[in-house]
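Participant: Each chain, written out:
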Amino acid sequence: MSQTLFEKLSKVLVPIAGKLNNSRYLQVLRDAFMLAFPLTIFGSIAVVIANLPFLDKVMSENSLNTLKEMLGVAPNATMGVMTIFVVFGIGYYLSKSYEVEGIFGGAIALASFLLLTPFVLQVEGKEAVQGVIPLDRLGAKGMFLGMITAFVAGEIYRKIVQKNITIKMPAGVPPAVAKSFAALIPAVVTLTFFLVVNIIVTQIFKTNMHDVIYNAVQAPLIGLGSGIVPTLIAIFVTQILWFFGLHGQIIINSVMDPIWNTLSLENLNAYTKTGEVPHVVSKQFIEIYTVGMGGTGMTLAVIFAILLFMKSKQMKQVAKLGLGPGIFNVNEPIIFGLPVVMNPLVIVPWILAPMVVTLVTYLAMSSGLVPPPNGVAVPWTVPIFINGIMATNSLAGGLLQVVNFLIVLVIWFPFLKFIDRMNLQKEREEEQAATKSAS
Amino acid sequence: MKRILLACSSGMSTSLLVMKMQEYAKSIGEEAEIWAVGQDQAKKEMAKADVVLIGPQMSFLKEELQKEAQKYGIQVDVIDMVAYGMADGKKVYEQALKLMEDK
Numbered sequence: 001m002s003q004t005l006f007e008k009l010s011k012v013l014v015p016i017a018g019k020l021n022n023s024r025y026l027q028v029l030r031d032a033f034m035l036a037f038p039l040t041i042f043g044s045i046a047v048v049i050a051n052l053p054f055l056d057k058v059m060s061e062n063s064l065n066t067l068k069e070m071l072g073v074a075p076n077a078t079m080g081v082m083t084i085f086v087v088f089g090i091g092y093y094l095s096k097s098y099e100v101e102g103i104f105g106g107a108i109a110l111a112s113f114l115l116l117t118p119f120v121l122q123v124e125g126k127e128a129v130q131g132v133i134p135l136d137r138l139g140a141k142g143m144f145l146g147m148i149t150a151f152v153a154g155e156i157y158r159k160i161v162q163k164n165i166t167i168k169m170p171a172g173v174p175p176a177v178a179k180s181f182a183a184l185i186p187a188v189v190t191l192t193f194f195l196v197v198n199i200i201v202t203q204i205f206k207t208n209m210h211d212v213i214y215n216a217v218q219a220p221l222i223g224l225g226s227g228i229v230p231t232l233i234a235i236f237v238t239q240i241l242w243f244f245g246l247h248g249q250i251i252i253n254s255v256m257d258p259i260w261n262t263l264s265l266e267n268l269n270a271y272t273k274t275g276e277v278p279h280v281v282s283k284q285f286i287e288i289y290t291v292g293m294g295g296t297g298m299t300l301a302v303i304f305a306i307l308l309f310m311k312s313k314q315m316k317q318v319a320k321l322g323l324g325p326g327i328f329n330v331n332e333p334i335i336f337g338l339p340v341v342m343n344p345l346v347i348v349p350w351i352l353a354p355m356v357v358t359l360v361t362y363l364a365m366s367s368g369l370v371p372p373p374n375g376v377a378v379p380w381t382v383p384i385f386i387n388g389i390m391a392t393n394s395l396a397g398g399l400l401q402v403v404n405f406l407i408v409l410v411i412w413f414p415f416l417k418f419i420d421r422m423n424l425q426k427e428r429e430e431e432q433a434a435t436k437s438a439s
Numbered sequence: 440m441k442r443i444l445l446a447c448s449s450g451m452s453t454s455l456l457v458m459k460m461q462e463y464a465k466s467i468g469e470e471a472e473i474w475a476v477g478q479d480q481a482k483k484e485m486a487k488a489d490v491v492l493i494g495p496q497m498s499f500l501k502e503e504l505q506k507e508a509q510k511y512g513i514q515v516d517v518i519d520m521v522a523y524g525m526a527d528g529k530k531v532y533e534q535a536l537k538l539m540e541d542k
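Just so you know, the protein sequences line up as chains R and X, in that order. Everything in the first sequence is counted per the numbering used here, starting at 1 for the first residue and increasing by one. Everything in the second sequence is counted per the numbering used here, starting at 440 for the first residue and increasing by one.
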């Protein structure tokens, strides 16, 4: 492939990436999930503590159960009801993006979502309990309905506000009071819309929006997203985008995060209840077993390969610079310094290594050799090995990363050696030229 | 006092470069305020800056940020890729100075 072909492709990709990155809905969705992020970290810490592997040896079963009960409220109050935060976040950020009052947008979105939520708990073989909201409707199971509702509610709300159909208060009324009146008509109209939807669905079709969206949208999408082929495609596209110097994750994740995050939530719910993890692919699978190995493209192995086996000064310098950030999964020095971007010499290992490693990880986890990540949120800056153990609550999760690390190293090695030889030759020629001109 | 704003995805990957640029500015005895932010804050922070540089992985932000930058009459450009990768504080600092002169 020639340089000009790369440049041509880059000219096509940059505007597409820009459009995706700047899409209002994707931006709002990204911010809404960010809102829930610190909360999920808090919940995760509690899950990690309650499931520390040695606890059953140092504690009696009774006191261990008490500990689990005490800490169990933390994931329930955060990840267990994550849809609430996402719905509120979407309503808030969407309104803000249209420059209308965000806090009301958030509250209206949340109320709209609750309007569609059945306040009844049906357990098979038992009488239905009235006046309760089943927790899973506010968590993983309600995620897609929540997102859809919040966007629709936000759009209706802001359109009415922007059309200026609001009750205006005379000057002199305190701004907070005026604001709450300004939101009155938009709120009533938006909520009426969802009330009518709910009446139609429950009374005429004898079902509820939760089940409709779950079965028609969420279950198929989640099923698709948890497959290995779509996952490999996502990795492939991420690598290609980075090859052109574009932030691959920002673009791919904004599309895939709703699916991956929902899979994580389902994993965590199952894990805290039964200790089993239903899905191999999830947010943590993608993050800890790709980015979590030294940054996109798992380049910590590349850094080690250079430091241990390569001789050219230019490469050594890049690797030394990249080592510190690389341990914490930041690898811009390698991507732009080696460079990876637009460098035809490394395109093969750059794309191949993450795909092979992802496949190996998938096989190791689906065969039961290594437990899949249990849904505990681990920040992406936690170093390799540690993050693998944390995400799977098992030493095997870290050891798998070591195996993966070696696979990356082996795939990259011949290509690095080739670049090294070229660089060495160039450096030698430069040296000779320098000594010649000096003498 | 020169005020240089760097923007990248989350403000994390550029922070190393910020350090190197500050070191360079200090070494040549210039007073400079250099800071990095994520893309969502770039527009807001612009008001305080004399020039805006974007991480090369976010090059697609240029057009959008440029529109905003016109309000303040400042320049926006993408950081040179190799200089970014090597965290070459001197080169990027000089790029920033050149942009400031251009306006």
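Keep in mind the hints are simulated off the structure, nothing from the lab. Watch out, some of these pointers could steer you wrong.
Keeping only pairs whose Cα atoms sit at most 27 Å apart, straight-line, the calculated DSSO-like set for lysine-lysine is [as the list claims (entries may be wrong)]:
| no. | chain 1 | residue 1 | chain 2 | residue 2 |
| --- | --- | --- | --- | --- |
| 1 | X | 483 | R | 311 |
| 2 | R | 320 | X | 459 |
| 3 | R | 426 | X | 483 |
| 4 | X | 501 | X | 483 |
Participant: Between residue 320 (chain R) and residue 459 (chain X), does the CA-CA distance stay at or below 27 Å?
Facilitator: 15 Å, holds
Participant: Given the hinted pair residue 483 (chain X) and residue 311 (chain R), is their Cα-Cα distance within 27 Å?
Facilitator: Given that 27 Å is the threshold and the Cα spacing comes to 45 Å, the pair is violated.
Participant: Take the C-alpha atoms of residue 501 (chain X) and residue 483 (chain X), compute the straight-line distance between them, and say whether it is at most 27 Å.
Facilitator: Given pair residue 501 (chain X), residue 483 (chain X) holds - Cα atoms ~15 Å apart, limit 27 Å.
Participant: Is the hinted pair residue 426 (chain R) and residue 483 (chain X) satisfied, with a Cα-Cα distance of at most 27 Å?
Facilitator: 46 Å, violated
In this structure, the hints that do not hold are numbers 1 and 3, in rising order.
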